[in-house]
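Chains as they are written, first to last, in the working numbering: chain A, 1 to 84; chain B, 1 to 120.
Check each hint, because a few of them may be wrong.
[To be verified] Simulated coverage check for chain A against chain B, where a stretch passes if three residues somewhere in it have a Cβ under 8 Å from a Cβ of chain B:
id, segment
1, 15 to 25
2, 29 to 37
[Stated by the list, open to error] Derived Cβ-Cβ restraints for the label pairs, each shown as a range:
id, chain 1, residue 1, chain 2, residue 2, range
3, B, A108, A, G82, 22 to 28 Å
4, A, V12, B, G63, 16 to 22 Å
5, B, L74, A, I8, 22 to 28 Å
6, B, V5, A, R77, 41 to 47 Å
7, A, F52, B, L2, 17 to 23 Å
8, B, L85, A, Y78, 21 to 27 Å
9, B, L54, A, R77, 35 to 41 Å
10, A, C11, B, W65, 32 to 38 Å
11, B, P88, A, R81, 18 to 24 Å
12, B, V110, A, A15, 36 to 42 Å
13, A, I8, B, V110, 43 to 49 Å
14, B, L113, A, Y64, 28 to 34 Å
15, A, G82, B, V5, 46 to 52 Å
16, B, L84, A, Y78, 22 to 28 Å
[What the hints assert, rightly or not] Over 12 Å on every C-beta distance to chain A, these chain B residues come out as not near it, computed from the model:
id, residue
17, I61
18, G64
19, A116
Please keep in mind that the hints were generated in silico from the structure rather than gathered at the bench.
Ideal placement from N, C-alpha and C gives every residue a C-beta, glycine not left out.
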Amino acid sequence: MNWMPAVIFLCVCVAIALIRVAVGPTVPDRAVGLDTINTIIVSAMVLLGAAFGEPLYIDIAIVYALLSFVTTLFIARYIERGRF
Amino acid sequence: MLNAVTYVLIGIGLFFNLMAGIGLLRFPDVYTRLHAGTKCTTFGSIFLVGAVVLQAMAGWISGGWAAEESTLALRGVIAVAAILLTNPAGAHALARAAHRSGVKPARAIVDDLEEADVRD
Chain A
1 MNWMPAVIFL CVCVAIALIR VAVGPTVPDR AVGLDTINTI IVSAMVLLGA
51 AFGEPLYIDI AIVYALLSFV TTLFIARYIE RGRF
Chain B
1 MLNAVTYVLI GIGLFFNLMA GIGLLRFPDV YTRLHAGTKC TTFGSIFLVG
51 AVVLQAMAGW ISGGWAAEES TLALRGVIAV AAILLTNPAG AHALARAAHR
101 SGVKPARAIV DDLEEADVRD
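When you get a sec, could you build the whole thing from the sequences and use the hints?
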């Protein structure tokens, strides 16, 4: 199996989402772009774990998914109240 | 045969992730962008991780009980479970925060949710 082209394609998707993070007119727009990038990176890490045969990379993907969820919740709370 | 199925799964996953990026660029306001960015990446991630799990399961079956691929398959399932649990909750929190901070949907005339919030 050749996994690396899929990973490179996911990097292109991350670049497209980064345009929205840079341009985004409001703060929630940028947060949405960041959330999308997080999910794409998790699946890219799982593919990398399969490509190199390293189960450790998938552990890192799981921890990254949970930490990015906490980050998203904190950003949403900050947008909602104007403070933490 | 197995490799063909895996490539089809990867193709579906990559297509949906690309749709997420394009929708994030093309849609007019925060709520529609959330719609594209969250649902498409969740669906695409299921198929991408599913391809990895399928390939690892094949290695597990052919390599005996203590094969190296067993950890790959089980951790892949845990990763997709983490994505499925956290992604909709994060999107809901973001949409709620955007609405309460005063971002209006594009070309919206009536906002029923705001009236319901005022009534409470």
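Outcome of the hint check:
1. Given as covered by chain B, the segment 15 to 25 of chain A passes the check, having 4 residues with a CB less than 8 Å from a CB of that chain where 3 are the minimum.
2. Counting residues of the segment 29 to 37 of chain A whose beta carbon lies closer than 8 Å to any beta carbon of chain B gives 6, which reaches the threshold of three, so the coverage claim holds.
3. For the pair A108 of chain B and G82 of chain A, the beta carbons lie near 23 Å from each other, so the given range of 22 to 28 Å is met.
4. At about 34 Å, the beta-carbon gap between V12 of chain A and G63 of chain B misses the expected band of 16 to 22 Å.
5. For the hinted restraint 22 to 28 Å between L74 of chain B and I8 of chain A, the CB-CB distance of approximately 27 Å keeps it satisfied.
6. The beta-carbon spacing between V5 of chain B and R77 of chain A, approximately 42 Å, falls within the hinted interval of 41 to 47 Å.
7. For the pair F52 of chain A and L2 of chain B, the beta carbons lie near 20 Å from each other, so the given range of 17 to 23 Å is met.
8. For L85 of chain B and Y78 of chain A, the Cβ-Cβ distance of about 22 Å falls inside the hinted range of 21 to 27 Å, so the restraint holds.
9. Distance hint for L54 of chain B and R77 of chain A: a CB-CB separation of about 38 Å, consistent with the stated range 35 to 41 Å.
10. The beta-carbon spacing between C11 of chain A and W65 of chain B, approximately 36 Å, falls within the hinted interval of 32 to 38 Å.
11. Take P88 of chain B and R81 of chain A: their Cβ atoms lie about 22 Å apart, and the range 18 to 24 Å holds.
12. For V110 of chain B and A15 of chain A, the hinted distance range of 36 to 42 Å is satisfied, since their beta carbons lie about 38 Å from each other.
13. A hinted range of 43 to 49 Å for the beta carbons of I8 of chain A and V110 of chain B is consistent with their spacing of about 45 Å.
14. A beta carbon spacing of about 33 Å between L113 of chain B and Y64 of chain A agrees with the range 28 to 34 Å that was offered as a hint.
15. Taking the beta carbon of each, G82 of chain A and V5 of chain B are about 50 Å apart, inside 46 to 52 Å as hinted.
16. For L84 of chain B and Y78 of chain A, the hinted distance range of 22 to 28 Å is satisfied, since their beta carbons lie about 25 Å from each other.
17. Every beta carbon of chain A lies more than 12 Å from that of I61 of chain B, the smallest distance being close to 16 Å; the non-interface claim holds.
18. Even its closest Cβ contact with chain A, about 17 Å, leaves G64 of chain B beyond 12 Å, as expected for a residue assigned away from the interface.
19. Against chain A, the non-interface label of A116 of chain B holds: every CB pair exceeds 12 Å, the least being about 17 Å.
In summary, the structure is inconsistent with hint 4 from the numbered list given earlier, while agreeing with all the others.
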